[in-house]
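Residues per chain are reported as follows:
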Amino acid sequence: MKHAWPIIKRELMGYFRSPVAYVFIFIFLVSTSGTSWYLGNFYTSNEASLELFFFFHPWLYLFLIPAVGMRLWAEERRTGTMEILLTLPISSVTAVMSKFLAAWLFMGLSLLLTFPMILTANYLGDPDSGVMVTGYIGSFLMAGAYLAITSFTSSLTKNQVISFILSFMVCLILVMLGWGVLTRTLVEIFPVWLADLITQFSFTTHFNGLRRGIIDLRDVVYFASIIVVMLYANVLVLDNSRAK
Amino acid sequence: MIEIRELSKIYGNIRAVDNISFRVEKGEVLGFLGPNGAGKSTTMKIVTCYIPPTSGTVEVGGKDIFTDPVGVREQIGYLPESAPSYPEMTVTEFLSFIAEVRGYTGAERTRRIDQITELTSLRDVQIQIIDTLSKGYRQRVCFAQALIHDPPVLILDEPTDGLDPNQKHEMREVIRRMSKEKTIILSTHILEEMEAVCGRAIIISRGRIVADGTPRQLAAMSKYHNAVTLKLRSAAKPALMKDLEKLKGVAEVAPLAGKKDAPTAFQIFAQKGKVILQEVTSFLEKKKISVEEVYLEHGRVDEVFREVTGG
Ligand SMILES: Nc1ncnc2c1ncn2[C@@H]1O[C@H](COP(=O)(O)OP(=O)(O)O)[C@@H](O)[C@H]1O
Ligand SMILES: [Mg+2]
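Chains S and L, in that order, give the protein sequences. Read in order, the letters of the first sequence correspond to residues 1 to 244 in this note's numbering. Read in order, the letters of the second sequence correspond to residues 245 to 555 in this note's numbering.
Errors might be hidden in some of the hints.
As the list claims (entries may be wrong) - Lysine to aspartate or glutamate pairs mimicking DMTMM-like chemistry, simulated, CA-CA at most 20 Å apart: (1) 158(S) to 332(L); (2) 504(L) to 551(L); (3) 2(S) to 487(L).
To be verified - Some but not every residue of chain L turned toward chain S, in silico, with C-beta under 10 Å: (4) 266; (5) 289; (6) 292; (7) 298; (8) 325; (9) 331; (10) 347; (11) 368; (12) 369; (13) 389.
Claimed, not checked - Far from chain S, some chain L residues (derived; all Cβ distances over 10 Å): (14) 247; (15) 265; (16) 551.
In case anyone wonders, no lab produced these hints; they're calculated from the structure. A virtual CB, placed ideally from N, CA and C, is assigned to each residue, including glycine.
Go ahead and model the full structure; you've got the sequences and the hints to work with.
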């Protein structure tokens with residue numbers, strides 16, 4: 001794992017070398033705060049919490065995270081640098097983990113830059129900082145799960161657009177499964193236990209507690225398992241696509 | 245140093261590599277020759293553990309590509325055919341990245357980058373973004389990347405591709421200088437390049453080895469090997485060609501210039517493994533035929549190449 005740091009560093013540098021990173025951070029900030037201010041009536045609701053701010057994250061991440069992650073492996077494949085990276089004395093696991101971590105750190109940074117929201121909440125009243133921190137951790141964890149899915153889909157193709165669409169679709173399904181409107185329909189169609197099981201696979205279901213400041217180990221395990229499973233699939237795809 | 249055993253790689257129904265076995269020792273520069281699609285790159289990708297073979301295996305410095313791929317990669321410097329590198333980085337940043345992943349930090353890293361930058365003549369462009377470099381420079385950047393860890397084994401896939409004649413010459417000089425302490429496999433389809441730098445060459449065609457030997461040995465497989473070219477002062481009498489054909493060891497006489505039955509120049513081919521120069525010159529002396537030029541052929545690799553690859 002000592003080889004991971006140079007790769008993480010290189011990836012991060014790559015983000016900030018291109019204007020895309022700054023454009024992305026700008027869009028990230030505008031869309032996350034914009035939705036809570038206008039759609040969520042953050043200011044007029046007069047509620048001193050970030051619940052509304054986090055409420056829109058599962059939907060925003062649908063677009064934002066595939067946009068960050070689509071190039072992860074697709075670009076390496078297209079330019080041929082994958083042949084350099086994967087013939088260095090590192091395992092595929094190290095390569096996958098490092099690139100993922102760099103992208104996750106970049107997402108984390110974007111998330112940290114939303115700190116004016118915390119200031120605003122403090123201005124409006126006296127928010128529970130534990131709840132806010134939990135919300136941020138939850139959002140960061142969820143971003144990791146989105147990103148792991150994107151990293152996986154990005155390894156399937158050398159076309160970034162296809163990579164974007166694939167991860168968007170997968171994430172959309174995972175968000176929709178827990179969407180209120182859909183869950184009510186599910187209960188009508190299926191037995192309750194099955195409907196419950198299906199909604200258990202959703203991002204939204206597992207994020208709901210965290211964004212309200214409730215740490216449930218099951219939610220953390222859910223996001224962590226998605227990350228592990230998707231990155232493992234990513235490694236398998238890389239190894240197998242080269243074997244064909 | 246490198247041992248390739250019964251290596252095969254099948255893509256769908258294409259046998260890209262078909263049961264190849266050979267060894268390369270330390271100090272050898274092996275030229276890997278073959279027409280496009282022969283399986284050169286595929287073999288190299290297997291040796292560098294980029295792709296696994298369908299069957300067979302490779303050992304590099306006693307380490308097996310299946311059981312210790314990281315150990316194999318540590319010993320290899322690899323220049324892929326497309327010479328890829330990260331376009332948004334500067335030359336030094338890129339080399340620094342490779343050095344760090346290979347475990348060099350601080351002063352040691354700086355020293356290595358410095359040395360390789362000098363060796364590959366990248367000094368002038370070291371702070372330039374790779375994307376802005378010409379093809380020749382990008383080729384050298386990727387070559388430099390392969391040398392950072394002073395590897396005992398170099399795998400170079402068409403290292404002079406896209407270089408101008410001066411750069412080609414320079415690249416060959418660098419390879420030649422390094423050849424003593426290293427094991428080098430380089431692929432090429434430029435025959436003069438093989439003759440200039442390789443002590444040994446393997447010609448592959450449709451995934452199979454069709455010839456293996458020193459450039460001299462390969463040339464000796466040619467029908468031109470030991471052929472004698474004659475240029476006469478005056479046209480030969482038709483009988484002369486018949487007489488020459490009857491000499492011991494002569495396979496065939498072919499006119500080169502002048503009339504077909506009375507040529508002023510012709511080529512006398514030797515039978516396989518026979519030396520006919522002596523025979524021919526003493527015959528001409530005996531017949532008092534005055535000769536303007538005599539030339540002994542050593543054989544032509546390009547002709548052998550076409551012969552064995554069926555081109
Ligand atoms: N990824 C691949 N999928 C399918 N066929 C391939 C692949 N890579 C190479 N081939 C085929 O394998 C054969 C050998 O290719 P290659 O090793 O690149 O030849 P060379 O380097 O000697 O020009 C060619 O017929 C090529 O089309
Ligand atoms: Mg090739």
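Evaluated hints:
no.	hint	in the structure
1	158(S) to 332(L)	18 Å, holds
2	504(L) to 551(L)	26 Å, violated
3	2(S) to 487(L)	78 Å, violated
4	266	21 Å, violated
5	289	8 Å, holds
6	292	5 Å, holds
7	298	9 Å, holds
8	325	9 Å, holds
9	331	7 Å, holds
10	347	7 Å, holds
11	368	22 Å, violated
12	369	18 Å, violated
13	389	7 Å, holds
14	247	19 Å, holds
15	265	21 Å, holds
16	551	33 Å, holds
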